[in-house]
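Use these hints to put chain B onto chain A, whose structure you have.
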Amino acid sequence: DGGITQSPKYLFRKEGQNVTLSCEQNLNHDAMYWYRQDPGQGLRLIYYSQIVNDFQKGDIAEGYSVSREKKESFPLTVTSAQKNPTAFYLCATKPSGQGGDEQFFGPGTRLTVL
Amino acid sequence: GQNIDQPTEMTATEGAIVQINCTYQTSGFNGLFWYQQHAGEAPTFLSYNVLDGLEEKGRFSSFLSRSKGYSYLLLKELQMKDSASYLCAVRPTDSWGKLQFGAGTQVVVTP
Chain A
1 DGGITQSPKY LFRKEGQNVT LSCEQNLNHD AMYWYRQDPG QGLRLIYYSQ
51 IVNDFQKGDI AEGYSVSREK KESFPLTVTS AQKNPTAFYL CATKPSGQGG
101 DEQFFGPGTR LTVL
Chain B
1 GQNIDQPTEM TATEGAIVQI NCTYQTSGFN GLFWYQQHAG EAPTFLSYNV
51 LDGLEEKGRF SSFLSRSKGY SYLLLKELQM KDSASYLCAV RPTDSWGKLQ
101 FGAGTQVVVT P
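Sequence lines, in order, name chains A and B. My numbering puts the first residue of the first sequence at 1, with every later residue one more than the last. My numbering puts the first residue of the second sequence at 1, with every later residue one more than the last.
So here's chain B without its partners, still in its complex pose:
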C-alpha cells in the first residue's frame, strides 16, 4: 500500500515563497502528481514528476527524489488566489492510472 504524508496547513504572506513537502512510502512508483483544490471545487492539475529533479512551470515548481521518497511543491511570488489545498498524489506501478492521495496541505496567504 501507500502512505503519503504532507503538512496539514501552512501560512505565508503575499509575495513570499512557500514549500510544501510530501513524503511517501510505496512498494512501486510510477509518478507523483500535485493538484490544487479551492474549497468546494474540483482539483486542478499542477505538475507531474516521474524522474528525479526539478520541474518548473511559471511560479510553481515541483521536485522529486525517488530514493528518498520525497517531493516538494514550491510556490513563488504568492498571490491571494493561491490560498487553496494542495494535494500530493502517487501513482503506483501496475495501477492502471489509479492515484493514491495525501490528505492535502491547506495554504493560507495573508496580505
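Chain A with its partners taken away, still in its complex shape:
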C-alpha cells in the first residue's frame, strides 16, 4: 500500500529524555514536513525538507532536530531542550517543493511526556 507511516501512535517518555518519532513514506514524494498540533490550535511547522540531505527550520524548531538521509524517511527528534513537548505530531509529504499539490498527512503520533 502507498502511504505515510508514523509509529507508534502513542508514545510516553519521561521528562529529560530525547525521543525520536519516525515518518516513512513510499509515495516517492520529494518534500516532507513535520507539524505539531496542540488543543485548540492550528498546525505549526517544526521542520521541512525539500530534498534528501537538505532541511530547513520552520516556525517552532527550537528543541527539535531532524535528518533526511533517505527520500523515504524524515525522523524527528524531540530533545530535552523542548520546554513543552507533549503534543500531537503530524508528518506530511508533497510531490515537489513548489506547485499546487496538496500535502498528504500521516496518522500522527501523540507524545506524552511525564
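Calculated from the structure, these hints are not laboratory results. Beta carbons are placed, not taken as given, at the ideal position from N, Cα and C, and that holds for glycine. Hints are supplied without guarantee of correctness; some may be wrong.
[As the list claims (entries may be wrong)] Below 20 Å or equal to it, Euclidean Cα-Cα: the simulated EDC-like pairs (lysine to aspartate or glutamate) are:
1. B/57 with A/101
2. A/71 with A/101
3. A/9 with B/41
4. A/83 with A/38
[To be verified] Derived CB-CB ranges, DEER-like:
5. B/28 with A/51: 37 to 43 Å
6. A/81 with B/51: 41 to 47 Å
7. B/56 with A/69: 51 to 57 Å
Frame of chain A; chain B shown alone:
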C-alpha cells in the same frame, strides 16, 4: 507573516447547510487549502483555491476572494460523519510548499 482567522465552533442540524468562513492577512499568496480532521486523526484534503471563485466537489464547495483575503467552505446536506474540525491553510509565495494553518473550526452536527 500570516494571520488566519476562522470561527472556533459551529453547530448545525443533519441535512442542513453550514458555511465556515476564513479570513487571512498575508504578504504573499499562492493558494488556500481546506482540510477536514476528525478527532485524533490526520487531516484529509478537501479543496484548493488559487484563483477567485467557487470550486465545487460534491457536497463540499470552497470560495475564494483574493482581494478581500476571504474564503469559505460550504458543507451541504450535512451528515453526522461531517462532525469534525475544518482547517483553513494558506500557502505564501516562495514558501516551498509550506502552509500556514488557522486554528480550525469544530463543526458539530446534531440529529
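Check each numbered hint against the structure and report the violated ones by number, ascending.
5 and 7
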